[in-house]
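What follows is the residue order along each chain.
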Amino acid sequence: MTVGIVMLVHTALGRAEQVARHWSASGCPVVIHVDRSVPKKTYTAFVESLSDLPRVRFSKRHRCEWGTWGIVAASQAASELMLAEFADVRHVYLASGSCLPLRPVQELIDYLAARPRTDFIESATTADVPWTVGGLDQERFTLRFPFSWKRHRFLFDSFVKLQRRLGLKRKMPNGLVPHMGSQWWCLTRQTLSAILQDPERATYDRFFKRVWIPDESYFQSLARLYSSQIESRSLTLSKFDFQGKPHIFYDDHLQLLRRSDCFVARKIWPHANRLYEVFLTDAAGAMKRTEPNPGKIDRIFAKAVDRRTRGRAGLYMQSRFPNEGWENGVTSGPYSVFEGFSDLFEDFESWLTKATGARVHGHLFAPDRVEFAGGYSVMNGGLSDSAKLRDYNPRSFLCNLIWNTRGERQCFQFGPADTQAISWQIAKDPNAQISVISGAWAVPLFRSNRNFADIRKDAALLQKVESDHLDILRSPYVKARVRIWTMAEFIEAPMEPLQTILDEIGNRGLRRLSEVPKMADLEGFGQFLQNLKNQGMHPYLMGDFPVARDIQPPTQSSRKPYLVR
Amino acid sequence: MGVWQSYRLRLQRKRWLLRAWRKRRELRPVTDRTGKIKPGDILLFSTMRNEQIRLPYFLQYYRDMGVNHFLLVDNDSTDGSYDYLADQPDVSLWHTRHSYKRARFGVDWLNWLQTRHAHGHWSLVVDPDEFLIYPFCDTRPLRALTDWLDASSIKSFSAMLLDMYPKGPLDAQPYQAGQDPMEIANWFDAGNYSISRNKRFGNLWIQGGPRSRVFFPDKPEKAPALNKIPLVKWDRRYAYVSSTHMLLPRGLNLVYDEWGGEKASGVLLHAKFLDTFSVKAAEELSRKQHYAASVEYKAYAENLKSNPDLWCKWSEKYINWRQLEILGLMSKGNWA
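Sequences listed follow chains G and Z, in order.
Our numbering numbers the first residue of the first sequence as 87 and each following residue consecutively.
Our numbering numbers the first residue of the second sequence as 27 and each following residue consecutively.
Hints listed in this document are in silico derivations from the structure and should not be mistaken for laboratory results.
Note that CB positions come from ideal geometry on N, CA and C, so glycine has one too.
With a straight-line cut-off of 30 Å between C-alpha atoms, the simulated DSSO-like cross-links for lysine-lysine are:
{"hint": "1", "chain 1": "Z", "residue 1": "Lys248", "chain 2": "Z", "residue 2": "Lys343"}
{"hint": "2", "chain 1": "Z", "residue 1": "Lys298", "chain 2": "G", "residue 2": "Lys474"}
{"hint": "3", "chain 1": "G", "residue 1": "Lys565", "chain 2": "Z", "residue 2": "Lys225"}
{"hint": "4", "chain 1": "Z", "residue 1": "Lys298", "chain 2": "Z", "residue 2": "Lys193"}
A few chain G residues that face chain Z, going by a derived Cβ cut-off under 10 Å, partial list only:
{"hint": "5", "residue": "Gln329"}
{"hint": "6", "residue": "His333"}
{"hint": "7", "residue": "Arg394"}
{"hint": "8", "residue": "Leu401"}
{"hint": "9", "residue": "Ser405"}
{"hint": "10", "residue": "Pro408"}
{"hint": "11", "residue": "Asn409"}
{"hint": "12", "residue": "Trp412"}
{"hint": "13", "residue": "Glu413"}
{"hint": "14", "residue": "Ser463"}
{"hint": "15", "residue": "Asn486"}
Please build the complete structure, drawing on both the sequences and the hints.
Structure, rendered in structure tokens:
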């Protein structure tokens with residue numbers, strides 16, 4: 087008893103010949119179906135080249151276009167020939183010209199001999215698997231598909247739409263349950279002949295001729311009727327990408343394929359000389375066995391699909407430029423924006439660096455230059471501190487900075503004196519943690535030594551800018567983690583908000599704050615605000631500062647109680 | 027996009043093709059070996075002037091990669107590259123004395139040669155100082171990539187220009203003919219590229235890198251574009267619009283994914299900044315044959331006098347394509 091190989095071939099005939107010889111050398115009979123679109127001359131030469139092998143046959147040629155009945159017709163014809171010509175065949179293995187046996191053929195023969203009644207065919211009901219691409223699953227069976235998807239896409243799509251609109255539906259013949267799965271199967275003579283010699287076969291064939299991609303459902307559905315024992319998996323290793331076309335194996339996949347536990351792999355790049363060299367040797371010359379590790383192959387190809395469909399979060403590059411809302415992460419990692427903190431605290435940046443271990447920049451969006459941490463003129467990835475370069479594309483600038491420093495948290499200061507173009511982007515970025523002490527921009531003005539008229543003008547402008555910015559931070563589109571305190575609120579109890587922010591950054595364990603940043607001296611600040619008010623400029627963003635609040639009542643030393651001993 | 031606009035783009039494409047057809051008379055065939063081109067061959071197109079010293083390595087690099095035939099335009103070289111190229115068995119050479127600028131920086135000439143010879147072929151358009159890197163280029167030939175692109179029904183492949191520079195002054199290490207230029211210029215900027223979308227043609231507009239950082243910090247909009255689509259399954263109806271930055275029909279410019287995924291892409295290592303550069307820059311400045319009144323070369327000339335070191339603390343040293351992939355400059359996309 088042996089295994090018969092049915093090979094469907096349409097290109098790279100030279101490789102097909104090599105593989106056919108390999109099967110043949112281990113005593114497996116081979117029936118080859120060559121696509122009818124292969125020119126007559128090439129076909130004859132191919133037949134001629136294999137004429138020295140006694141157990142190789144060629145079946146009647148059909149035109150095999152992807153997704154059409156031709157492939158099923160080809161498999162039927164070739165299988166019939168196989169069953170009729172080679173009585174010693176117990177299992178029939180369907181393979182393609184670009185399949186490559188990974189393990190010695192004798193192992194496959196032994197494996198199948200030990201399971202004489204088992205059919206290896208992947209076969210799942212359509213309702214339960216999410217494999218289908220293009221939204222047609224159940225409808226593959228209920229609609230008609232007379233037009234080619236590859237050549238007449240428009241007709242194909244319109245005819246599907248038309249049938250949906252008219253509510254046209256077909257019924258499965260004889261109550262057959264539709265099943266789908268990999269088109270590469272290995273069936274026993276009993277099951278296969280039962281399918282091929284079924285008195286109802288004409289009915290089934292007529293039905294499946296109008297099903298879309300029948301090669302994934304014809305044998306898969308019918309095997310369910312006759313098989314005594316189905317093992318629903320394919321013995322052929324075949325990985326599919328997000329569009330449903332098979333991944334191709336190259337020379338550099340050699341080590342991976344060695345670790346596969348599958349008997350056959352597809353599809354192999356025809357020019358992968360090394361793969362053909364290594365795997366098409368006799369059992370003696372075959373490489374030493376390695377521990378199978380098929381999980382690794384799965385991971386690599388699953389990752390490829392993931393990269394193509396979801397990509398790396400926060401990356402903008404020549405071949406990934408997501409539309410708004412499709413970024414899968416506007417930036418690549420969390421970062422913090424502090425507004426007003428460096429105005430209120432004198433040594434905020436160095437304190438924050440010490441407290442969190444994060445990289446703390448100054449005002450990245452300062453109008454004159456980018457204030458990178460440490461005053462550097464160039465930052466990770468070659469980002470320049472030129473304000474013009476930054477403002478040319480502030481969005482790219484910030485995304486680049488966060489991407490370039492992956493693994494290290496970035497913090498930066500922001501305020502109404504900065505370029506505001508970035509406001510919306512940080513507000514809509516779930517990675518941003520924005521903490522605002524509103525009105526703190528007044529502190530540097532208060533401490534400056536300038537003419538009051540200028541101060542008043544600046545204060546009015548800054549207040550307007552910050553108010554617009556706060557409107558953005560309070561809009562319903564905000565996805566960032568935003569916290570806003572008025573300055574009055576904040577200085578009541580500065581430790582609590584600071585602790586919350588640091589906990590959220592969470593680098594240095596959950597230790598209580600030991601060192602507190604030094605707050606600017608605010609004596610006279612209430613009066614300063616009152617002066618602004620008196621000049622007609624009402625500062626409201628900092629909350630209520632009573633004029634005399636910071637004037638502490640003079641404390642008198644209490645007299646010692648007089649005691650008589 | 028409206029019907030009107032697509033009609034206008036169609037007219038524009040016809041105009042470029044017509045212009046290329048007119049400009050064909052400026053090309054005089056020197057050695058025409060195009061009869062040797064077989065169906066399915068990968069072709070390389072390039073225009074050059076006085077690049078003799080770069081040619082041996084350039085040709086070798088792309089031969090090893092699997093390019094089958096070179097179709098080159100020599101724009102009146104005076105350094106012997108003409109004779110050198112005429113002797114190469116896989117090179118077809120054309121010669122012209124006409125203006126590079128008036129042929130839209132060579133685009134018209136190459137559009138014509140491509141229309142004529144590249145129909146149905148994968149066609150690679152690069153300058154002699156550009157070296158294509160694509161995913162798995164260390165283990166798979168270019169044919170593996172084009173076969174995969176064919177199987178995936180992808181017609182154009184993007185490869186961003188990555189400026190390479192040496193550490194230290196440009197003239198510190200002289201380049202020898204046949205040498206790998208990346209032995210000298212092996213540093214690059216990893217993450218300072220600004221990207222925006224060109225609504226009209228659908229392509230991305232990428233600027234940045236050392237040229238932006240050093241030569242154009244005050245005029246970022248003038249910095250050269252780095253987006254390139256050099257590898258295309260050519261059809262005689264296609265036309266490059268401006269260098270290899272964008273093509274028509276505009277569907278070919280959609281080399282990026284807009285729904286969060288990554289498409290496969292490569293990188294063109296740009297070995298412009300060798301010791302040969304200052305001579306070249308001086309010459310180009312006087313010839314005024316380059317883009318936007320050679321504004322680029324003016325900026326170079328100004329800067330090169332004072333501080334010709336492009337290297338900075340955050341420059342990245344080139345290792346291989348996997349490094350570029352990890353840095354996010356290119357992607358394997360769906361190819362595994």
